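Quick mapping for you: the protein sequence lines, in order, are chains D and S.
Counting from 1, one number per residue, gives the positions in the first sequence under this note's numbering.
Counting from 1001, one number per residue, gives the positions in the second sequence under this note's numbering.
Bear in mind the hints are in silico, worked out from the structure with no lab data behind them.
The structure presented is a predicted model; accordingly, all values stated were derived computationally and were not measured.
By construction, the Cβ of each residue, glycine as well, lies at the ideal position given by its N, Cα and C atoms.
Errors might be hidden in some of the hints.
Where chain D lies over chain S, by a calculated footprint (3+ residues, C-beta under 8 Å) [as the list claims (entries may be wrong)]:
# : stretch
1 : 1064 to 1073
2 : 1099 to 1109
Anything over 12 Å on all C-beta distances counts as not near chain S; from chain D, calculated [claimed, not checked]:
#  : residue
3  : Ser18
4  : Tyr33
5  : Gly40
6  : Asp56
7  : Lys62
8  : Glu85
9  : Asp106
10 : Arg115
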Amino acid sequence: EAGVAQSPRYKIIEKRQSVAFWCNPISGHATLYWYQQILGQGPKLLIQFQNNGVVDDSQLPKDRFSAERLKGVDSTLKIQPAKLEDSAVYLCASSLDVATSGSISDTQYFGPGTRLTVL
Amino acid sequence: QQPVQSPQAVILREGEDAVINCSSSKALYSVHWYRQKHGEAPVFLMILLKGGEQKGHDKISASFNEKKQQSSLYLTASQLSYSGTYFCGTERDCGGSQGNLIFGKGTKLSVKP
């Protein structure tokens, strides 16, 4: 079974530029998450999708970050304009939704991440 | 709201045991444990649910004290491959699974030969 795919793996940009990250979840996984992981810290949830609907985006800085999952499969996260403090690894994760799996809480499977450096 | 992990770091010799703790000030629905090696994605280890259900790695054990909102991960007879940073992710009890996890700052484990 193929895992969560992300691209690019690395990106270096100047502050005030824009950048986009792409994620393709595990086939059949209805729930998709974007996390930001700053060096030395745990992942911080930015946004959670259930199919193509947003479940939680309470920690997404909406003045500069946006995300979409138009067809309920792959997703794009955009930052515009980038700031120095956005330097981090952006992780995408996916899981089966509880109703599908029959479980009462689901394992999240993470992709390899995109390491963003803002200069 | 972020769970507190302890210790922050631990160094072991191969074959030694370790316990990593995770505590929350909020009522929890589940606790998820992950291991992350440098430059790699977090890898799932265990889920512990209120009510006692568990799912995960057959060589790693963990506990979840619902009254204290604490979880512990037990690593026995450690191997070099156990090295990495361990994160707990907590899911608040909102009457069911919502899926969104809050992760602790991690515990860095180093296993030496």
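Structure-based check of all given hints:
1. 1064 to 1073: Answer violated; 0 residues pass the 8 Å Cβ test.
2. 1099 to 1109: holds (count 8)
3. Ser18: 25 Å, holds
4. Tyr33: The claim is violated: Tyr33 of chain D sits with its nearest Cβ about 8 Å from chain S, within 12 Å.
5. Gly40: 8 Å, violated
6. Asp56: Asp56 of chain D not clear of chain S: closest Cβ-Cβ about 5 Å, inside 12 Å.
7. Lys62: 17 Å, holds
8. Glu85: Correct as stated: the minimum Cβ-Cβ distance to chain S is 18 Å, above 12 Å.
9. Asp106: 7 Å, violated
10. Arg115: 8 Å, violated
Of the hints listed earlier, those the structure fails to meet are numbers 1, 4, 5, 6, 9 and 10, in rising order.
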